[in-house]
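K.L.:
Here's the letter readout for the chains.
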Amino acid sequence: MMRAWNQGATALCLLLGLAVTCLGSATSLAREDLRIDITQGRFDPIPIAVRPFYGTQPDTETLGTHVADVISANLHRSGLFDPIDPAAFIGPVTGVQVRPRFGNWAALKAEALVKGSITPEPDGRLKFEYRLWDVARRADLVASSFTTPERNWRRVAHLISDQIYERVTGETGYFDTRIVYIAETGPRDRRVKRLAVMDQDGANHRYLTDGKHLVLTPRFSPTAQELVYLGYYQRNRPRVYLFNIVTGQQAVLGDFPGMTLAPRFAPDGTSVIMSMAKDGATNIYTLDLATRVQRRLTGSVSDINVSPTYSPDGEQVVFVSDRTGTKQLYVMRDDGSNMVRISREKGQYDTPVWSPRGDLIAFTKTRPPVPGSTDRYYIGVMRPDGRGERLLVGGYLVEGPTWSPNGRVLLYAEEQLERATGTIRRVLRSVDLTGQNHRVVPTPLEASDPAWSGLLQ
Amino acid sequence: MGIRSLLFVAASLVLAACAQDPDTTETSGAGTTTAPAVTAPAPAATAPVAPVAAGPVPGSEEEFLVEVGDRVFFDYERSDISEEARLTLDRQALWLNRYTDITVVIEGHCDERGTREYNLALGERRANAVRQYLIASGIDAARIETISYGKERPVALGSDEASWALNRRGVTVIN
Amino acid sequence: MRGSLLVSVTMHAALVALAWFGLPYLQPEPPELDEVIFVQLSDLAEVTNLPPEPGEAPPEPPRPEPEPSPPPAPEPEPPAPPPPAPEPPASPAPAPPAPEPPPEPRVRPEPPPAPTAEPAPERPQPVPPRPRPRPKPRRLDLESVLTDLKREKDPPRAEKRQSLADVIDRTTRLGSDPDFDPTKTVTQSEISRVRQQIAACWNIGVAGAGVEEAETLAVEVRIVMNPDRTVRDATVVNESRMTGDTAFRIAAERALRAIRHPDCRVLVLPDDKYEVWKTFTFNFDPRKLVQ
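One line per chain: the protein sequences are A, B and C, in this order.
In this text, residue positions in the first sequence follow the numbering used here: the first is 1, and each later residue adds one.
In this text, residue positions in the second sequence follow the numbering used here: the first is 458, and each later residue adds one.
In this text, residue positions in the third sequence follow the numbering used here: the first is 633, and each later residue adds one.
Only true hints are included.
Mimicking EDC-like on lysine to aspartate or glutamate, the simulated pairs with C-alpha atoms at most 20 Å apart in a straight line are:
{"#": "1", "chain 1": "A", "residue 1": "K109", "chain 2": "A", "residue 2": "D134"}
{"#": "2", "chain 1": "C", "residue 1": "K920", "chain 2": "A", "residue 2": "D44"}
{"#": "3", "chain 1": "A", "residue 1": "K346", "chain 2": "A", "residue 2": "D385"}
{"#": "4", "chain 1": "C", "residue 1": "K905", "chain 2": "A", "residue 2": "D33"}
What follows is a list of derived Cβ distance ranges for each label pair:
{"#": "5", "chain 1": "A", "residue 1": "K278", "chain 2": "B", "residue 2": "N632", "range": "16 to 26 Å"}
{"#": "6", "chain 1": "B", "residue 1": "R548", "chain 2": "A", "residue 2": "K278", "range": "25 to 35 Å"}
{"#": "7", "chain 1": "B", "residue 1": "E519", "chain 2": "A", "residue 2": "V440", "range": "39 to 49 Å"}
{"#": "8", "chain 1": "A", "residue 1": "K278", "chain 2": "B", "residue 2": "Y556", "range": "21 to 31 Å"}
{"#": "9", "chain 1": "A", "residue 1": "D288", "chain 2": "B", "residue 2": "E519", "range": "45 to 55 Å"}
{"#": "10", "chain 1": "C", "residue 1": "A850", "chain 2": "A", "residue 2": "D255", "range": "53 to 63 Å"}
{"#": "11", "chain 1": "C", "residue 1": "A850", "chain 2": "A", "residue 2": "G91", "range": "31 to 41 Å"}
No wet-lab data here; the hints were simulated from the structure.
C-beta atoms are modelled at their ideal positions from N, C-alpha and C, and glycine is treated no differently.
Kindly generate the complete structure, drawing on both the sequences and the hints.
P.N.:
This is the structure:
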């Protein structure tokens, strides 16, 4: 561009005399140089229209509506998008290859538009295609297609949601993920607890245990194929178990003389870090899943060191310890060296979890209620050096945050106390880093101990 | 002499536990508020020191529950043995020394406050505190197992100081 | 020889004149000034109520002086007062607007977003009025989008060369060009109005969402306008960065979306100053917003 400009200028210089023109062109540049700084804008969710996917047959047509609904719901829950009510859509549903009438969508204030098609393949599978359009610029942003048996339609909808999310925000999505948690029923003193998994949006819910034994604190492996959790199966021997979701097989993890608890996978999935409580002290151990080698990382004789979690690079561990008499967060190297306390504000800290992005550590915090509030517990985040603490949400009892794979949303467990009746209801909730997008995650029964998987493979 | 030295060990353990100084206002605040509650529930469990004549069968679980008392209580977030608890545990030690073929499991429990994982560890520490006291009182360590239930098995269902005080407990269960 | 000397002298004279008239009025527009005024006008009603021109006049005193023809100078000013006219709620008696009925029908008095927004939904079909000559068949995937954008680079260049030619042209017949009136600068209040309009179209997305750096990246967009105040072409300066740098791409797309937003289809620029705003640069700078 500059080159052409220079050529033009040179030619004119030759024609008209060097000094004059060159200065003349400088003047013209100056004249053009009107510059308008825009330093104000809106911070709104992006209005997006997700059209029902076009289907040629009645059943694919219905499916097309479902796919669009799942995508819309995902985007809506993220808080970053504002899906437009399909009732406002104009004109017949058309296939993905038909260019949208952008005027119609601009009129609805849509900034983005999703169109898709579902076509049966000769082998009986379905081809899901979609295209994301930038309405204002009349340009398409991303498109792809998935061919798969019909029963996988929800996963396709989640994958499409992730691609849309990523294309518009620049961040990876988190919709093609699962949640494992503890489903609860029965009176508080005889609670029946079962392992349960579901899709991130609550669909495909199923129980993994029958409730005869107490089960607690499940966590996903990086591939989401396995779980580690605490089970009270053997008499008087609560232990951490490794459970394969696909095969249904499970086994005690390691050979420890005391109770093992609070397990988490290492980021590479080759080992598990957990605590063992024995003789009044709780210390942190790692167990290599291949070699079965156990290694102790802390050596307290009377303190509790629990809830260890790796940094995403696997080089550091954050955990809670009451070695000073109150619960505080500490970071150490993965061999137990270089231990540093990071929590520094007033109050007590618990269940630290390192963000998959590595930039933050989420935690549970306790502090005395401030006047005018009954909140005692908080979910917050701080930087790994302990600075920049922010409390995102509070409640009568909230605990155990778990990150979405993109490090933007936290799930946690809440016990809601209804003061009038004294009853407690346990639910899963989510909150994003803004602290504004705060939702209940619907579950069939009461729920606790959520853990979010990474993106499915 | 063996017993004497064990008692000494036990005492120093208890002192060591006491020496752990809570540095937040919360802990101390909760401690003062729960103090009365701790004394209140105690009689419920340890009720009849004066035995009823036609009482339970000697050496039975019933006798242990009724005449000895199966549980002790703890302050919020603490695991040290109180004066009150000491009386109960002394009776338990006496009883267990009489029926030497009986083995026990000590359950450690917490109130609903705090996170699940920390409470599991705290429950273990409470159970262990009871176990160490009994060992120091001459009970063979091999007869005493521990298990922690954290906050999973409350006995009082309220969400108030009185209920919490009842739930922060170490329970000696006869096998 | 003699002829060329004459030409040279003429050209030099033209040059001096241009430098005299052309350069100075660009200097006295420091961004700080923008800031202050922007804050003042952040309320829409205020913009229309304020007779902003008088307020602007002081910072540009050099203009009237070199200007041999004072009459034209006031001319551009009056159009501004009309804003009060369409604002009946404002106290100003209808007296002053009366002398200026013609400017009223123009689009300018309309406060930026609202009016343009309303008509839009009513006529979804008529959107085609876009005069842009480039609704190519286009775009199958991201690749093609990018190549398209590259192709779109050309128009501005052509535009620039053309305007250079214009300048040359004008210089040769110096003084006799009625089109070229250096007094017709865009005033601060006129700029404020556009900024306000674009601000309403610029959706940065939910704060803290997405790529963080995208919220700290300034994006410059070269704008080529049509005389009807619609955008003919918008090109991201540094556009090649959009391919490799996700954060920049996200930020740039937000900026382009603002420019193509229906509420910003027609920019609130003074239509008698097309020469001045025929091409210009929007600098979308979120840094002062974030945090």
